[in-house]
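K.L.:
Sequence:
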Amino acid sequence: MAIKAIIERLKLGHKRDFYTSVSASRCFGGTLAFYVLSLLEEGVLDLPLSVVEIGAGEGHLLQDVVLFLRDLSCGVLEHTSFLSVEPLSTLATLQQQRLQKIHADLICVPNLEALKPHLQKSTFLYCNELWDSFPCEIVQDSQMLYIDSSKPIWRPLSQAILDFLSHTHPLEKIASFKGCVPLTWEGYIKDLISSLQASPKWVLVSFDYGQYGARGGVDLRAYTQHRVLDFADILANLEGYYQQVDLTYDVNFQLLEKLLHKQGAHTLFYGTQSATLIKMGLTQLLALLEQNTPFTLYSKEALKARSLISPEGFGERFKGLILGSP
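Under the working numbering, the first residue of the sequence shown is numbered 337, with each subsequent residue one higher.
Any given hint might turn out to be false.
Said to hold, decoys possible - Straight-line distance between alpha carbons at most 30 Å, and here's what the computed DSS-like set of lysine-lysine pairs gives:
1. K615 / K509
2. K594 / K457
3. K526 / K509
4. K594 / K615
5. K526 / K615
6. K437 / K457
7. K526 / K514
8. K598 / K452
9. K594 / K514
10. K598 / K514
11. K452 / K526
12. K615 / K640
13. K598 / K457
14. K598 / K537
What the hints assert, rightly or not - Pair by pair, the computed Cβ-Cβ distance ranges are:
15. P384 / H439: 17 to 27 Å
16. K487 / H439: 52 to 62 Å
17. I483 / Q561: 15 to 25 Å
Calculated from the structure, these hints are not laboratory results.
The structure presented is a predicted model; accordingly, all values stated were derived computationally and were not measured.
Positions of the beta carbon are idealized from the N, C-alpha and C atoms, including for glycine.
Full structure from sequences and hints, please.
P.N.:
Written as structure tokens, this is what we have:
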């Protein structure tokens, strides 16, 4: 293991305008890499291997995964290809440029269908904060929200909404459902699993903010000028906020898991981000760093990594779901 290379990269850190697990600690990507190597050792995955990220942004997490794979293993990188599903050409270019700087090639594809020809014998696919980026419908009191000229209008539930809610709710409880309904998940997941099946073996890892089951209310939130607005705030000034703020909502991992199971995936692990990262080897990775780095540097990195698993940080409200091929 080229531990000196890891030390130098830990010193550099990430310069970010926003705070996520990726910007909090390089050990997030390091743990993904450590887990890949564990899966290879256990025979869950084999070489040659494809490593895929969906929603890579500017490529910081993907870069960390590549670097830690390089430094933690011998002979794996030569048989591993890296891919990104990225519909925006500007971001695809940034991702490729970032990996070029560390002498790694990146294949960027615009959609899931284009992923199929590039997948190898095994595929490890991961995403961080992907699922809350999908559009959602707002449902409460047996009605769904429409926007007309920046004004809220409530109308009866569509058949598409009723069919979708039936995945997790008996018919008699749909009338009392309140929350966000990500209709487009189902089609996307169907395409995702169809693409992954180009590899005989695959593992999918997802991290997101949410819980197992619906929260029982509309949890749509908006972020603007470092402020968090709840659904009532958004409706109160819809004309000012409509299409002007960043929106998010809690991911219902029970629904996500059911839709993935429907396409043939099976669950390997579900838990808090803290439990998931520990399952994937975060503590072993930190032990390696402790044994091979100066104490002051290790202490700083361990402190950063603690935010990934701390209840006050990302550890509890963020969840992890790991699934595998049938």
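K.L.:
Against this structure, judge whether each hint is valid.
P.N.:
Here is how each hint holds up against the structure:
1. K615 / K509: violated, 35 Å
2. K594 / K457: Distance ~26 Å between K594 and K457 Cα, so the pair holds.
3. K526 / K509: Holds. K526 to K509 sits at ~26 Å (cutoff 30 Å).
4. K594 / K615: holds, 22 Å
5. K526 / K615: holds, 27 Å
6. K437 / K457: Measuring from Cα to Cα gives roughly 27 Å; hence the hint holds.
7. K526 / K514: holds, 26 Å
8. K598 / K452: With Cα atoms ~20 Å apart, K598 and K452 stay inside 30 Å; holds.
9. K594 / K514: It holds: about 19 Å lies between the C-alpha atoms, which stays within 30 Å.
10. K598 / K514: holds, 24 Å
11. K452 / K526: holds, 14 Å
12. K615 / K640: Given that 30 Å is the threshold and the Cα spacing comes to 18 Å, the pair holds.
13. K598 / K457: holds, 23 Å
14. K598 / K537: Within the cut-off at roughly 18 Å; holds.
15. P384 / H439: 17 to 27 Å: holds, 19 Å
16. K487 / H439: 52 to 62 Å: holds, 54 Å
17. I483 / Q561: 15 to 25 Å: Holds - the Cβ-Cβ distance for I483 and Q561, about 22 Å, lies within 15 to 25 Å.
Checked against the numbered hints above, the structure breaks only hint 1 and satisfies the rest.
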